[in-house]
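J.: Residues per chain, in single letters:
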Amino acid sequence: MSENKGATILINKLKWLNNTSKLIFLTIIGQWSFYGIFRCPFPVPFVGCSNCPVITCWGRISSLFWGFWLVLPLSVILFGRAFCGWACPGGFINQMFGKISPFKTGPKSRLNKFAPLGFIVGISITLYLWLGWNNPRLAIPIRVGEFWQSIALTFEHADSYWLARTAIVLSLTLASFLVVNVWCRMFCPTGGVLEGLSRFAVFRVYKNDICNDCDNCRQLCAMKTRPAETNCTNCGDCVSQCPQHAVKIGRKGK
Amino acid sequence: MGEKTHDPQRRKVIKAAGAALAASVLLPSKAPAQQARNEQLQVWSCGGLAEAFRPANKHYEQLTGTKINYTGAFAAALGKSLLGGAETEIFAGRVLKLAQKLISTGKMEYFKPLCFTRYVLATPKGNPAGIATLEDLTRSGVRVALAPEASTPGGPAVIKLLEIAKIKDEVLKNTVIKGSCVHQMISEITSSNSDVTIVENRITRLPSVKGQLDVLPIPENVQPPPPLTFTIGVMKAAHNRKLADEYLEFIVSAEGQKFFDEAGFIPALSEKGKELTEKLGVHDV
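Chains as they are written, first to last, in the numbering used here: chain A, 1 to 254; chain B, 1001 to 1285.
Chain A on its own, in the form it takes in the complex:
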């Protein structure tokens, strides 16, 4: 009985925990994400930090780089796309844009149906740039510098390929104002890889047989999906909101 009560309290606190987690990770790895988009000289950021000349980047001066690539595979084995829903600073920014967006997509957004196609495109381009093209340096690395000036100098001296890459990423992020979380739901290469591997996750948010397809969960969901379906990040937002109490968290079938 007290165990159930404890579980209920935990479920009711999930949203608070999730937001707290995202804020903590935004503080810890937010700057690294920022460098990845605006100052990383390589087309594919976050994969070559140990050799990067930008010596003030947190991925370079801390153990973030190695820690990230150690913890991420572990997180997907245990919790599927939980990184996207609980930790990714880019995902959080996308979600914030979506929340303040004046335009909302309908609750039965069909975008998720095309997500695998988008992910394949995003992953293919990334793999080509990283492994096929050897992730060449396409911008002048501002090794040390003031905040705004470094961004301005990076853009001023960047190769047109780097400018195109950055424009695409920023455009798709800003597109969250129009289509909620479009980057995370369709194009993010990391999200795409995690999506593909999430089916092997040990723990997950799922819905059981008493689900009556009311779609309340999809309406609440930042990714406009339902538990254990494409783009579910196991954020747990929907667990306490299901009128049928059909959404559970844990090992399905256990």
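None of these hints come from the bench; they were simulated from the model.
Each residue gets a CB set at the ideal place from its N, CA and C atoms; glycine is no exception.
One or more of the hints may lead you astray.
[To be verified] Per label pair, the in silico range of CB-to-CB distance:
1. A:I24 / B:Q1212: 29 to 37 Å
2. A:L163 / B:T1133: 43 to 51 Å
3. B:G1084 / A:L72: 39 to 47 Å
4. A:E156 / B:S1180: 19 to 27 Å
Chain B: place on chain A using the hints.
T.: Just chain B now, with coordinates in the frame of chain A:
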């Protein structure tokens, strides 16, 4: 349009996110606690000098309370920006001609010799291939790593050095790793994927490879021609000329030059530096 869902936490979360993002991004660039003079100086330099300028600036800030806003990046790019209208108060660049051009176009007041770079042989710790001289790079079975496609000081200058030594073709035959980035290449040495490389001495002093390399000198008669020279100058845009002069004098003083020595450069103040200053004609015009 879908029904708008009520989320009471939204405003709180957005505010907290903004604060967290601002803290995450801006905290590292905050000014030091004590700024007795409450003055600032903008310093730009060639990125290769960053390992010397960062501790030197910190020391200067502690001594004077002046805040140094420092940017280190590819000198040619910074030079292009300065010639195109960007402004800074102090500029320390590689390539003597750039400093001279900044003077002739009225962007720079004056410059002084700062330091010189030199090329060395770097091997994995313990030197397993027994490299002793530059000629050993031509020996059968020696695995050489080079970065011919890297920017001038890392790539073309090294090729020129091999040409001067008349061993270019033999060494290129032994080159098993041809990279486009000196940093990537040096990690091939520390991980023992190759036996030897030719790099600027400063690269062997980077924190990421410190203690993982053996360094052997290369004779001066085969050192490549410029860019070996670094200069430091006061720009016309200096808001406080006296402050800029004082900072420059600190950097070229014995106290400031020790940071450049520690980072692997030949300080202009040293005997060798004075000799190179004359030999390479590093004089203001």
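J.: Range hint 29 to 37 Å: satisfied by the CB atoms of I24 (chain A) and Q1212 (chain B)?
T.: The hint (29 to 37 Å, Cβ to Cβ) holds, given that I24 (chain A) and Q1212 (chain B) are roughly 34 Å apart.
J.: Determine whether the Cβ-Cβ distance between E156 (chain A) and S1180 (chain B) falls within the hinted range of 19 to 27 Å.
T.: holds, 22 Å
J.: Just tell me: holds or violated, for the beta carbon distance of G1084 (chain B) and L72 (chain A) against 39 to 47 Å?
T.: holds, 42 Å
J.: Assuming the hint says 43 to 51 Å, is it satisfied by the Cβ distance from L163 (chain A) to T1133 (chain B) or not?
T.: holds, 46 Å
Comparing the model with each numbered hint stated earlier shows that all of them hold.
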